[in-house]
Structures are given as C-alpha cells and as structure tokens.
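Number of protein chains: 2
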Amino acid sequence: MEKKIFLSEKDMPRQWYNIQADLPNPLPPPLNPATGEPITPDMLSPILPMNLIEQEVSTERWIDIPEEVLARLVMYRPSPLCRAYSLERFLETPAHIYYKNEGVSPAGSHKPNTAIAQAYYNKKAGVKRITTETGAGQWGSALSFACNQFGLEVKVYMVRVSYNQKPYRRIMMETWGGKCVPSPSPDTSVGRKYLEENPDHPGSLGIAISEAIEDCVTSKDTKYSLGSVLNHVLMHQTIIGLEAEKQLAMAGEYPDIVIGCAGGGSNFAGISFPFVRDKIYGKEIRIIGVEPTSCPTLTKGPYVYDFGDTAGTTPLLPMYSIGHGFVPAPIHAGGLRYHGMAPLVSRLLADGLIEAKAYNQLDTFGAGITFARTEGFIPAPETNHAIACAIEEAKKAKEEGKEKVILMNWSGHGIIDLPSYDAYMTGKLVDYAMPDEEILKLVKDLEKFPKPRLA
Amino acid sequence: MEKKIFLSEKDMPRQWYNIQADLPNPLPPPLNPATGEPITPDMLSPILPMNLIEQEVSTERWIDIPEEVLARLVMYRPSPLCRAYSLERFLETPAHIYYKNEGVSPAGSHKPNTAIAQAYYNKKAGVKRITTETGAGQWGSALSFACNQFGLEVKVYMVRVSYNQKPYRRIMMETWGGKCVPSPSPDTSVGRKYLEENPDHPGSLGIAISEAIEDCVTSKDTKYSLGSVLNHVLMHQTIIGLEAEKQLAMAGEYPDIVIGCAGGGSNFAGISFPFVRDKIYGKEIRIIGVEPTSCPTLTKGPYVYDFGDTAGTTPLLPMYSIGHGFVPAPIHAGGLRYHGMAPLVSRLLADGLIEAKAYNQLDTFGAGITFARTEGFIPAPETNHAIACAIEEAKKAKEEGKEKVILMNWSGHGIIDLPSYDAYMTGKLVDYAMPDEEILKLVKDLEKFPKPRLA
Chain A
589 MEKKIFLSEK
599 DMPRQWYNIQ
609 ADLPNPLPPP
619 LNPATGEPIT
629 PDMLSPILPM
639 NLIEQEVSTE
649 RWIDIPEEVL
659 ARLVMYRPSP
669 LCRAYSLERF
679 LETPAHIYYK
689 NEGVSPAGSH
699 KPNTAIAQAY
709 YNKKAGVKRI
719 TTETGAGQWG
729 SALSFACNQF
739 GLEVKVYMVR
749 VSYNQKPYRR
759 IMMETWGGKC
769 VPSPSPDTSV
779 GRKYLEENPD
789 HPGSLGIAIS
799 EAIEDCVTSK
809 DTKYSLGSVL
819 NHVLMHQTII
829 GLEAEKQLAM
839 AGEYPDIVIG
849 CAGGGSNFAG
859 ISFPFVRDKI
869 YGKEIRIIGV
879 EPTSCPTLTK
889 GPYVYDFGDT
899 AGTTPLLPMY
909 SIGHGFVPAP
919 IHAGGLRYHG
929 MAPLVSRLLA
939 DGLIEAKAYN
949 QLDTFGAGIT
959 FARTEGFIPA
969 PETNHAIACA
979 IEEAKKAKEE
989 GKEKVILMNW
999 SGHGIIDLPS
1009 YDAYMTGKLV
1019 DYAMPDEEIL
1029 KLVKDLEKFP
1039 KPRLA
Chain B
589 MEKKIFLSEK
599 DMPRQWYNIQ
609 ADLPNPLPPP
619 LNPATGEPIT
629 PDMLSPILPM
639 NLIEQEVSTE
649 RWIDIPEEVL
659 ARLVMYRPSP
669 LCRAYSLERF
679 LETPAHIYYK
689 NEGVSPAGSH
699 KPNTAIAQAY
709 YNKKAGVKRI
719 TTETGAGQWG
729 SALSFACNQF
739 GLEVKVYMVR
749 VSYNQKPYRR
759 IMMETWGGKC
769 VPSPSPDTSV
779 GRKYLEENPD
789 HPGSLGIAIS
799 EAIEDCVTSK
809 DTKYSLGSVL
819 NHVLMHQTII
829 GLEAEKQLAM
839 AGEYPDIVIG
849 CAGGGSNFAG
859 ISFPFVRDKI
869 YGKEIRIIGV
879 EPTSCPTLTK
889 GPYVYDFGDT
899 AGTTPLLPMY
909 SIGHGFVPAP
919 IHAGGLRYHG
929 MAPLVSRLLA
939 DGLIEAKAYN
949 QLDTFGAGIT
959 FARTEGFIPA
969 PETNHAIACA
979 IEEAKKAKEE
989 GKEKVILMNW
999 SGHGIIDLPS
1009 YDAYMTGKLV
1019 DYAMPDEEIL
1029 KLVKDLEKFP
1039 KPRLA
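Same order as they appear, the protein sequences are chains A and B. Each residue of the first sequence is one higher than the last, beginning at 589 in my numbering. Each residue of the second sequence is one higher than the last, beginning at 589 in my numbering.
Please keep in mind that the hints were generated in silico from the structure rather than gathered at the bench. As the structure is a computational prediction, the values presented were derived from the model and not from experiment. Any given hint could be a false lead.
Copies of the same chain look alike in the list, so a pair counts if it fits in one copy or across any two.
Cross-link-like lysine-lysine pairs, in silico, DSSO-like; alpha carbons within 27 Å at most [said to hold, decoys possible]:
(1) Lys711 <-> Lys591
(2) Lys712 <-> Lys591
(3) Lys767 <-> Lys1036
(4) Lys867 <-> Lys754
(5) Lys986 <-> Lys781
(6) Lys754 <-> Lys1016
(7) Lys992 <-> Lys598
(8) Lys598 <-> Lys712
(9) Lys834 <-> Lys598
(10) Lys983 <-> Lys945
(11) Lys767 <-> Lys1016
Okay, chain A solo, but in the shape it has when bound (with noise of 0.2 Å):
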C-alpha cells in the first residue's frame, strides 16, 4: 500500500457538490436585524458580486468549477491524501488513519481553495478590487495570493495586535503583492474614530470586518470578501471531500468517521459535505466537527438568530452562537476563534447529521507534537484540534477491536505558528474552558431576535 494517495489532475473534480440541494430541511434564510424581515439577494449587492450571491443561495447540486479556476487548483490540487501509518503504529491501533493534507498549497492552508473561486467571479463580474479583514492572517494570505493570480487588488485589514505579534503573514501578502494594513486604521471613518478613542488600539475581528465593509461600499468597483461561514465559501471547499472521496475508493476504503476542525466551518464543511450526503441517504458514519474548549460553539452554544460579525452590523444568521459579544481568550488557534458557526453546519447539527467535540488547548498540542514526532509535518493549531480528535477515535477502535476507517482534514501547516508550540512546550501555555454562565451571559441578548425553526 502506498503512503500517499495521489489522484492526477485530470481525475480532479470539475464540480463543486452543494449541500443545500439535499438538506432535509431547508436553511432558515438571514434575516435584517432591524425589521426582522428575510434579506433578499440583491440586499447583498453592494458587498459580492451578483454571481457570487447566486451560488449562495442556489439549491442546484452540483455547479460547474469554471476552467480559469481549474488552472490555478492544479497549481497544489489534487492534495495528497496520506495514510498516517506511523502515527498508526505508535498508537498500536487497528484503526486506518488517513489525513488530506491540504498544506500543500501556497498559502499553506485549505483557503485558498475559495480565495481563487471568489477571486476569479469577482474579477468575471467587473471587480477591480477586493477588501477583506484578517486575524492571524491565514485569510488574507490566501486571498492575497489568489487577487494576484487575477490581476486584482486586494487590501486587507489585519487586527493590530496580530498584524504588529505576527508580521509573516502580512510579508506573504505583500510578498503576492497585497496591501495590508494594521486595523484600526487611519484609512476608513471607524477605523479613525477607535483610532480618536485610543491611538494603540488593539483592534478586534469585528472592527476589522466593518472597516473592510466601508471601504468596499465607499470605493469604486470594489467589493468585499469573506473566508469562510457564508454558504457559497463553504461549497468551494467540497473539492477537499470529493477528492478524499475518490482517493479513498482507489485505496478500497470508506471512511466510518470522517473529522475537521471547525471556526467559521469551511475546512470542516471541505471535507464533510460529500460524506453528509451519503449520510443523509442512508450511509451509516460519523462526521465530527472539532473545536476549543474556549470557543465551544457547537458543543455549549444555543442555535439562534445572531449578528455574523461582532459589531453586529451583518445580517442576522441562523447558527449555533456563544454570541457576538464573544470576546475570545488568547489560545493560538486564531482561526478557531469564531463566536458563531457556519448556517449550513449549524443546521446539521441542528439535524442530527454531524456531532461536535470540544478539546482543551494542552491536549490539542499534545497531539500536534505527536502527530510531528509520527508524520513528520508540523501542523497548524487549528489543525491539531482534528488531530486529537482522530487519536481519541483510533484508541477507542484499539479498546473496541474495530479496524475503523478514520479521514481527517490536514488543513494546514505549523510553520509560521512555531511560537505557539515553543510556548507549548516551555510550558507557557495553559488551558480555558469557557464557563456556561459565562455563555449563558453573552447568549442572552439574543433572546429579543426571532428563533431559527427547527425541523
């Protein structure tokens, strides 16, 4: 058996597989916070291009990967799905361990499976120039390296904290030829007003997002882009699925438990959706999203109607929420920091279609120098949440005897996020687990939206 399965490029997926064609109930649509009313399509006009806004609300099955975005795929995909026999080996397990890694790509991460998607409808629909905000910067990374594979601006603005802790992210950027700017900044009327309050301000997520927002409604032929939660983002990752899918068949393999971590839900989704689908017709397996115990979204927040960002100035989105006053504790995974979750994974955890698992910080690097010291690559931190998920898994397959069939998503390397494993292991890391009072607090300002109806 080989170690690596390779899929050729002319076997890679020419269609992206959406969900929203086989959900068993319907995603309950945004509503405008003011009036309570469904947002319609052309709402979203003035931040994403119209073809973008129709694949996210389309309920066709499957939708054509245009040729333009094929050749630029090709340049990382198909990623290689590799089965983890080492890692096998140390945990003395009959479980089958296979990860997708998707660190391949020149970003080092799944987003760019999207990035080049929206960069390339943007530039069909006219667009000159995109904004988006960042945290870590794996977003903005990624999207940078798509806009220059489109001959499009991009600028992006990047929490100041991070922009200032982290500067390799913002030199990739700009490296592909990017403009990023640390948030609050001087560029946008709310990023000078936090500016006025305090000159340092570290800035948040949510300012980020408002600013990227203004300066796409207030500049010419711009538009706004978002790197994961919106339906459409999601989609463009289900070429993560459907290449394992196929991958795994050459190996004569189906998986009985299929693993992502999950912040916003895009890799999570990536690697999911094809196999939800199979559930939903009868398959029987388990698909587990995998968060932190600091941000416990789909393991302690209730499914309501909440703000997408932390300002509270985007629609109102059916998901699981700790709610968007979530101010996030300081553990490494920055992009598992999310208060809220995709629509499409919260409705099916609504549905019963995938579980959730919280982990603490400590184990998840625990089982990210496992994973390095067996496997050899070094893995994101969000990554290795998915990770310890998978050894759990496979430990139980050893106590039960069962040679189960494990698929995890490698979302990315550890590269640029080597401080956080020396923090990890000069024993400066600790644990959080969120408190329910504390969530319980933050959720109840919620209480005055509509309820999302179950089914």
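Given the coordinates of chain A, assemble chain B onto it according to the supplied hints.
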C-alpha cells in the same frame, strides 16, 4: 498537459546514483594537513560510522536505498515536478520551464533526503546520538526530523547569532525532539574558550563544527553528521535528479539545461548528477551551478586543497575555494555562504562538465518575487539563485526563438525566510560582489598545500 507530474511511490528510484563510478578523472583524495598524505577511510571512523565511510569512497555506480529509508522518503517523495506555465507566459518565452519542488518535505527543503539516510546508517551501526552544526538552521531541523524517525538523540550546535535572530528553526528542531544550543556553548572546551573571551560571542559555522566534532569524539556512542560537501551526502540527494529524469520522460521531455543553486553543493548535485552522467557519455546538455556574487566559490575561486571548515581542523579537500578564512557578508541566502564546494562538484567544474554563474542578491530576490507572483509558491533565498538563472536562460531562449527545456531544482520554500523578503521589499537589502583582491588575499595562505592534480 498536466501542471504537476507525479511519480507514484512504486516508481520511485530504489538506488542512489554514485557519480564516482563515471568520473573521467578520479577524485583527488583528502589529505592530512600535517603530512600531506592521503586520508584513509579508517581515519574518519572516530566521527563517521563505517557504513557511511564505505559510501564515501565507493565507486559502485548504483547503491541500493534500504527499505527503512524508502519508508521515510515516501512521507514526502517522490516530490512533484511542476511545469512553470504561468512563469513561461509571464516571460513570453518558448522555453519549457520545469521545477522540482523539494519544498514539500517536513523540514521544507531537500535536506531530509540525506538526513534520513544518515540517521538510518548511524542507527544500523549502533550509534545512539548524533552531533552536528547548523547555520541558519535548515540542516539542523532536517537532521532532527530524521533522528526522531529512527529514535536517535541529536544535538545541534547552532551559530549563536542565527539562534537568537531566527528562533523558528530552533523551535522546529525541538518540536521533533532535537536538542539545539547556541554556539559557542559552555558544553565543550572549545566553546568555553570562546565564551571566556567574549560571553556574547556571535559564533560562526567554524566554531559550531569544532564544537560538534569535540562533542562527538568525547561522547559515548556518538557520531557526527554533515549536511553537504561529502560524497555520500551528495549521493543521497541524487534521488532528486533520478525522479526528475523519470518525470520528464513521462512528459516526453529531456532537459537542454539543468540548474541548481550551489552552496556546499548537495542540492545542485542532487538534481544534476544523473544528467552529468549522460553528458559524460556524450549527451549535449548544459548544467549550471548558481552561487551569490558575495561568495563566488565556483566562479572566482581557484581549484586548490583547502580545509573543509573555517577553523582549519578537518582534512584538506580538493575543491574550488575562496579560502577557509572567508567571512561571509550578511546576505540572506544562509545556505550559500560556504567558502568551498563539494569535491565532486569541484571536480566536474575542473573537467568542464558543468558551468557556474553568480548573481547579485537583489537580482535573486527580484526573481523570487516574480516566481511567487506567477507560480504562487514563495521560494527560499537560496532557491532564488536557481530561479534567477532559469529566468535568464528562458529569456535567452526567447531571443534565440528556441523551445528549450529548462529543469531547475526548487530546493526549498521561503516561509521561514519571509523577513528577508520584507527587507528586500523595503529597500533594506544591498548588493555585494566580492572583490578579486579580497579573494587573492584569502587563498594566498593555501599555497603551502599541494595542488590537486588536473587531468
């Protein structure tokens, strides 16, 4: 045509190519500096295990790669061979540019190819612990990864100035369980001597080598390991060129020009030696080693006997050298600052089988940015030298209207080197070409040694 040519694991080369079998003129032996007499294999046994010494002097053409080495190489090999379509379009060149992506290894460069082999042979010889030195940290991290795979302890003496300025590589070593200390260290007598003179001594590669060797010869079950220069190290890298040869054949191509950057010589040897063999037997092909103008070993140095290290403690090696007293300018291509060149590579240049070119730092970074903005992946500063040469040759092909096939070794990614891109983009980097008088001064000292015999 596919963008990436993947070789399957079962088609991966099972043997290394040993160019010593095909040299038109045999390699002059290393000499004892005190007596001028050739070094015999057993004189190396205090620092290297006998199985590697045998490889060092072997003239067998093909040497089997052990199964346990293959089992680790498949963690990332065969590496993809990629056609740089986007770069070709940007240059409007009729040339076909292929790059062999060695950045896909866990350590991010070609270095693990020999680290895995060396760890295996040491383990097999009963060695329990390996010492080595590292400059910028590429080699130390590759060896830490490999030793971890075989359950060996490793201690890396890292030049203090790099240890302090570039913590990422040190953390990478520790993540794989390696021990890394700043050199000079209090752990050896030579280290203590330098620390007494200056407690803040910045260190040098020469001092680090001396410490690693002292530690090796004074410790139980311990051997020393080198990441380049020696014959067996270069041979372990030939898997790169052997794979590329097969992959190009899959695309129906054969290279007109093969390009690799050259510091100690191992990545250049890896991509080129299988093609040098073709040239020895009459094939028309150009093979180019590329170095910085700030360390112009191949382009400006004489072919002499010189010490392998800067401290003058090793045997004399027959090589192109600008003198072991060379103090490198602070350019960012840390892997290309060696004063000498592998004896095998030197011999090929002396015999006219390969060419050499030197590029200024700013030109190489310009080439790296062009690559990142066309092909996506951000190259290591060392790799940028090969890219600069490939671009120049592709432009020449355009002028000549010839559809040349250019193969280059993309020796590593530049993620950990992003600060050097920042320095380039903000105008903080300068060019430095070593003046001829400087070289004449440095090599004057070597006149007292014998001259290596030319054909």
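Hints versus structure:
{"no.": "1", "hint": "Lys711 <-> Lys591", "verdict": "between (39 Å within a copy, 23 Å between copies)"}
{"no.": "2", "hint": "Lys712 <-> Lys591", "verdict": "between (40 Å within a copy, 24 Å between copies)"}
{"no.": "3", "hint": "Lys767 <-> Lys1036", "verdict": "neither (39 Å within a copy, 57 Å between copies)"}
{"no.": "4", "hint": "Lys867 <-> Lys754", "verdict": "neither (41 Å within a copy, 48 Å between copies)"}
{"no.": "5", "hint": "Lys986 <-> Lys781", "verdict": "neither (57 Å within a copy, 54 Å between copies)"}
{"no.": "6", "hint": "Lys754 <-> Lys1016", "verdict": "both (18 Å within a copy, 20 Å between copies)"}
{"no.": "7", "hint": "Lys992 <-> Lys598", "verdict": "between (30 Å within a copy, 26 Å between copies)"}
{"no.": "8", "hint": "Lys598 <-> Lys712", "verdict": "within (25 Å within a copy, 43 Å between copies)"}
{"no.": "9", "hint": "Lys834 <-> Lys598", "verdict": "both (12 Å within a copy, 20 Å between copies)"}
{"no.": "10", "hint": "Lys983 <-> Lys945", "verdict": "within (16 Å within a copy, 55 Å between copies)"}
{"no.": "11", "hint": "Lys767 <-> Lys1016", "verdict": "between (33 Å within a copy, 19 Å between copies)"}
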